[in-house]
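Undergrad: Whole structure, please, built from the sequences with the hints as guidance.
Protein chains: 2
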Amino acid sequence: MTTTRPYPAFEDFVPGEITTFGAYEVTREEVIDFASQFDPQPFHLDEEAGRASMLGGLAASGWHSCAILMRMMFDGFMNGSTSIGSPGIDEVRWLKPVFPGDVLSVRREILDARPSASKPDRGVVRFRFQLMNQKGEVVMEQTNPIFFARRQSAGA
Amino acid sequence: MTTTRPYPAFEDFVPGEITTFGAYEVTREEVIDFASQFDPQPFHLDEEAGRASMLGGLAASGWHSCAILMRMMFDGFMNGSTSIGSPGIDEVRWLKPVFPGDVLSVRREILDARPSASKPDRGVVRFRFQLMNQKGEVVMEQTNPIFFARRQSAGA
Numbered sequence: 082m083t084t085t086r087p088y089p090a091f092e093d094f095v096p097g098e099i100t101t102f103g104a105y106e107v108t109r110e111e112v113i114d115f116a117s118q119f120d121p122q123p124f125h126l127d128e129e130a131g132r133a134s135m136l137g138g139l140a141a142s143g144w145h146s147c148a149i150l151m152r153m154m155f156d157g158f159m160n161g162s163t164s165i166g167s168p169g170i171d172e173v174r175w176l177k178p179v180f181p182g183d184v185l186s187v188r189r190e191i192l193d194a195r196p197s198a199s200k201p202d203r204g205v206v207r208f209r210f211q212l213m214n215q216k217g218e219v220v221m222e223q224t225n226p227i228f229f230a231r232r233q234s235a236g237a
Numbered sequence: 082m083t084t085t086r087p088y089p090a091f092e093d094f095v096p097g098e099i100t101t102f103g104a105y106e107v108t109r110e111e112v113i114d115f116a117s118q119f120d121p122q123p124f125h126l127d128e129e130a131g132r133a134s135m136l137g138g139l140a141a142s143g144w145h146s147c148a149i150l151m152r153m154m155f156d157g158f159m160n161g162s163t164s165i166g167s168p169g170i171d172e173v174r175w176l177k178p179v180f181p182g183d184v185l186s187v188r189r190e191i192l193d194a195r196p197s198a199s200k201p202d203r204g205v206v207r208f209r210f211q212l213m214n215q216k217g218e219v220v221m222e223q224t225n226p227i228f229f230a231r232r233q234s235a236g237a
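Same order as they appear, the protein sequences are chains Y and Z. When the letters of the first sequence are read in order and numbered with the numbering used here, they come out as residues 82 to 237. When the letters of the second sequence are read in order and numbered with the numbering used here, they come out as residues 82 to 237.
Calculated from the structure, these hints are not laboratory results. A hint or two may mislead.
When chains are identical, the list treats them as one kind, so a pair holds in a single copy or across two.
Unchecked claim - Cross-link-like lysine to any residue pairs, in silico, SDA-like; alpha carbons within 20 Å at most: (1) K200 / A133; (2) K177 / S167; (3) K200 / L176; (4) K177 / G166; (5) K200 / G137.
TA: This is the structure we're talking about:
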């Protein structure tokens, strides 16, 4: 479970720290709802098309997995944090299909944490996230920098 | 508008080709719905919190922009194509906020297209996508490899 304190700020993210958190059950309804709206490829909508595909069964859109991870990050440590936003994602790897009924957890590693040179009230924390299923398989990996305000502004 | 033929297969993706397509109007309701489900940070839910943030107003989650791009890709050229799936995303850059009322279009560049060495029935096409708003500003960029089956299998 997460060891992050409530209301984390930039200072609370310690490079090298590894935490694991969350238990998100993926439902069939949610898989089909997301795919219908954003990624209606047959293997994300239909059991038979899923079985005939590389995925081996009806499986979630990779973008749905990203959205689920975002929700788990929010619930796990970003809710109430000093997060300011993110400039983007360095890499996403969809390694295994995510199936309805899977229960996902997050392994979060803090790669580095650097104060901003130009804006002394904030810093950027670079995370590596692994989304894991109930079998302990890593289904998705991504590297993701996020800006957090510092607990005390260092002044301008 | 897209110049892609119906039912595109691997052979139809020509490196260097640039196409522009789509007109997706982002609604306030959709921004709040997506954020409520997947990314409930205050600046994605509330006008005032958005104005107080780096975004300058209520703005879509970056993951919502990714999902919208996926839908525009589907409608623009993947529907009915021989797409098999994607191993991941090489890079995502969220460059400008996406606001309710924005009308988004896609600029697609084909970076390269390589037949698979191990699986002769398919190849991987690497795309660079730019999501643009109605002012012509690039709001998001990403680089994305996608597997497509070849029109005629080269045999095993």
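Undergrad: Evaluate each hint against the coordinates.
TA: Hints, one by one, checked against the model:
1. K200 / A133: Result: close only across copies, 17 Å inter versus 52 Å intra.
2. K177 / S167: Between copies, since 11 Å is at most 20 Å while 26 Å is not.
3. K200 / L176: between (37 Å within a copy, 18 Å between copies)
4. K177 / G166: Answer is between; shortest inter-copy Cα gap is 12 Å, intra-copy 28 Å.
5. K200 / G137: Result: close only across copies, 17 Å inter versus 48 Å intra.
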